Amino acid sequence: MLEVDNIHVNYGRLQALRGVSLSVREGEIVCVVGPNGAGKSTTLGAIAGGVTPHAGRITLRGQSLGGLPPEAVARLGVSLVPEGRHVFGSLTVAENLRIGTFQRRDRAAVAADFERILEHFPRLRERLQQPAGRLSGGEQQMLVIGRALMTRPRLVMVDEPSLGLAPKIVDQVYDILIKLRHAANLTLLINEQSSERVLKFADRIYVMRGGRIHLEDRAANLQDGKAIMQAYFGFADGTGAPPPLSPAPTMKRAAE
Amino acid sequence: MNSPLVMRQIREWWPVLSLAAIVTLVTAIAIWMGGDEIKVTLTEMLIRMTVVIATYLFIGNSGILSFGHIGFMCIGAYAAGWATCNPAWKQLMLTGLPAFLQENEYPFLLAVGGGGLLAAIVALIFGAAVIRLSGIAASIATFAFLAIVNSVYSNWDSVTAGTSSIIGIPQVVGPWEALAFALVSMVVAYVFQQSRYGLMLKASRDDEVAAKASAIDIVKVRLIAFVASAFLVGVGGALYGHFLGVLTVDIFYMGLTFVTLSMLVVGGIGSLFGAVSGVLIVTLIVQVLRAFEAGFKIGGATVALPQGSQEIGLGVIMALILLFRPSGLTKSREVPWPFTTRDARPTAAEQAQPAE
Amino acid sequence: MIGFLQNLIDALSLGSLYALAALGIGLLFGILRLTNFAHGDFISFGAYALIVPSLEVTATKFIGNWPWYLTLPAIAALVVLLALLSDFLVFRKLRQASAPTLMIASFAVGYVIQNVILMVYGARPKAIDVWSSLQQQVVIGELRVPQLQLVTIGITIVLMLGLSLFLNRTSYGVQMRAAAEDFRMARYLGVKANFVIGLAFAISGLLAAMVSLLFVSQTGTLSYVMGVPLMLFAFIATVIGGMGSLIGAVIGGFAVGFVSVMCQAYLPEELRSFRDAFVFAIVIAVLIFRPSGLIPTKALVQRV
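Chains as they are written, first to last, in full-length UniProt numbering: chain A, 1 to 256; chain B, 1 to 356; chain C, 1 to 304.
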């Protein structure tokens, strides 16, 4: 469904992505794991149209997404929940939910979706008329996921859903994502820093580091975590391994 | 002459030495080649150069746009004019002037210094009040400052002759005098940007939060630059008064603000090279546009651009530069060292240039 | 007491003008972070569009001669067109530009408009008679109030209510508010960037047109720099009110109007011509104590 083919992204002189390729099949849950600065957010940003790669191709169901502005990509059924939630704090919860629906023509279906989202996230129903800025972190995360779903996307990309949230809340978030995958026929592409969570949850996993993909496999094959750790930290063949620690000169002198 | 220490000194000072040489050369050639009209244009250009360099000292290093520098030029011009113009005339026309100004006639350099000083004092007071504002709000405040100076000076008849003119200011500023002050302001600007304060200011320009976290007192550093800049602009104003011989308030308003700002933008708002080259280039452009406005005789008919094309043309050029080369024609870099050397390490001046 | 009430109405009327102008500026700032120094020249343009281009001292009205229900939309349309044009030609390509670049760009746009007006209409101020019948006074109890002032206040209230309804009850309004808060996120959710921005420029132009008509009726004069003081006071209003907040812009506008009228009324005779300097000094005093304005928004606070 989604094909990312060898994209390169630069921020000024900084090379953020150096030839990243990945694919997502319809109905899959694919997770991208990697340390900070690996380029995970840039990858999602490139797919969603917020960042333009200067080389490579991105296609959605055969249609090229190259050069399309974010709002056009959204209309094609790709919804991005970026890192850090980004609720519209001065708008109410209800307004936040509706913000993505103005491009849709099917008003009755919009109303039905609205009800359905509130069923999944009952806490939001309680706070419908409150400014979204007053919600707790976990509630905001629910809100932005619900908001993204209101656009009736085919592909939902979530950037680090667990960031800044308590583990119990993160569990809830993932439970809901799984439920929704079945209920709403979604395809999910998720960035995560923690490989543990990802192993339980994903169909396939990519490991990214330094702007490149270092590992791709089905989650089932990676369960022992060793391969992931090697790709994550770069110990695979000795290259990229941190140098052995040598005792500091002062310590040596003290020992003498 | 080829000792490495001397070479290194030259290289360290190269950005300002090269500019000083270029400008002096241009001045000398223009004086030698041209007549009185060229001298007038040249003097005006060099006076504007002093003002633009002084403005750059603040804007380029702090990253805060100021629209009010011409207000300081006005203050400096009038202060110097009060000092040197005829006491008899002053006692008749400018009844509000304090006695020490009204009854005396002061030497030129003292007047220039006084002009700069008054501008600096006003800058200190005004700056202290608005320096805490965010960059955008501060810029708006400087715009309002320009308007306020214009309003006050237009209405304070007893001191400024209001909307009529102060006349009889000794016209002692010609191209060489103006050149001298332009060179001085070049050196001052360069010394400042290489100094501790310049470095701290540039740090705050690039990343305010990080600068604060490095114990840089942003308010103090910005204020120092603002006052220093105002002093030099005031000096430029004093020069201008002693070049024109006559002062009116309305010359220190939108038009001059726009021209000086466009010089900075076209040249490059972030470097001394940008400021100086901007003055040279825009002066040339304005001369060309002026010639087109005056018109050419083609086969008996006069073909000319309508009045006001100068300003519109300059505005369009400024917009084009902003669209396609926002860091100016020099890309806000200093004059590059033209020779390759075995010593590959960049000097402090070269290291201080913006990374892109 | 009567004198004070009279001054109060003056203040409300002047404050309304400033509030409208400040709204036009605040809207573009909120959505685009654009400080539009050309806004005053949009206002000048709207006023000059009433007359036939000429260098004469007396103005020959053209659109100004039409009945008000035609003049109003015509001038509004022309100013909106100018605003959209300036976006299309200049600001559209500067979406990612830094704040100083945007400021200088808008200054350049304004300067060009000013000088085009200068070229076409000449430098001398012109007298113009627009809706001067509104100068007639209405008697309310012991007060004598020019109709025009009441009209100004009335139109301002209507426009502000209209804008508020638009922003809160219509889908475009919600999209604009979302875009003002987090432009990028709004786009990720399908909000059309250029459309929302165009809408903002259009509304800004509409507000500028209203200000120009009201201002010209009040002063009866046209001058190619007439927009500059309005623009400056409007900007000062947004700075005092808190940049990024529309309500702040309105409050700031009324505050500046209030201070201005009070200074005019109660300053001793000799100091009255320095009224603007006093207004400014008072503004500075306010800013010393509240540098982010009376109603600060998160717009300018950098999150660490």
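No lab work stands behind these hints, which were simulated from the structure alone. Hints are supplied without guarantee of correctness; some may be wrong.
[What the hints assert, rightly or not] Pairs of lysine-lysine, DSBU-like flavour, derived with a Cα cap of 30 Å:
1) Lys200(A) / Lys168(A)
2) Lys179(A) / Lys168(A)
3) Lys93(C) / Lys202(B)
4) Lys202(B) / Lys331(B)
5) Lys212(B) / Lys331(B)
6) Lys93(C) / Lys331(B)
[Claimed, not checked] Partial list, computed: chain B residues near chain C (C-beta under 8 Å):
7) Ala129
8) Arg132
9) Ala137
10) Ala144
11) Gln171
12) Val172
13) Val303
14) Gly308
15) Gly315
16) Ala319
17) Leu323
Since this is a predicted model, take the numbers as computed values, not measurements. Backbone N, C-alpha and C define an ideal beta-carbon position, used for all residues, glycine too.
Going down the list of hints, with the structure as the test:
no., hint, in the structure
1, Lys200(A) / Lys168(A), "15 Å, holds"
2, Lys179(A) / Lys168(A), "17 Å, holds"
3, Lys93(C) / Lys202(B), "27 Å, holds"
4, Lys202(B) / Lys331(B), "16 Å, holds"
5, Lys212(B) / Lys331(B), "27 Å, holds"
6, Lys93(C) / Lys331(B), "19 Å, holds"
7, Ala129, "5 Å, holds"
8, Arg132, "5 Å, holds"
9, Ala137, "5 Å, holds"
10, Ala144, "5 Å, holds"
11, Gln171, "27 Å, violated"
12, Val172, "32 Å, violated"
13, Val303, "17 Å, violated"
14, Gly308, "4 Å, holds"
15, Gly315, "4 Å, holds"
16, Ala319, "5 Å, holds"
17, Leu323, "5 Å, holds"
In summary, the structure is inconsistent with hints 11, 12, 13 from the numbered list given earlier, while agreeing with the others.
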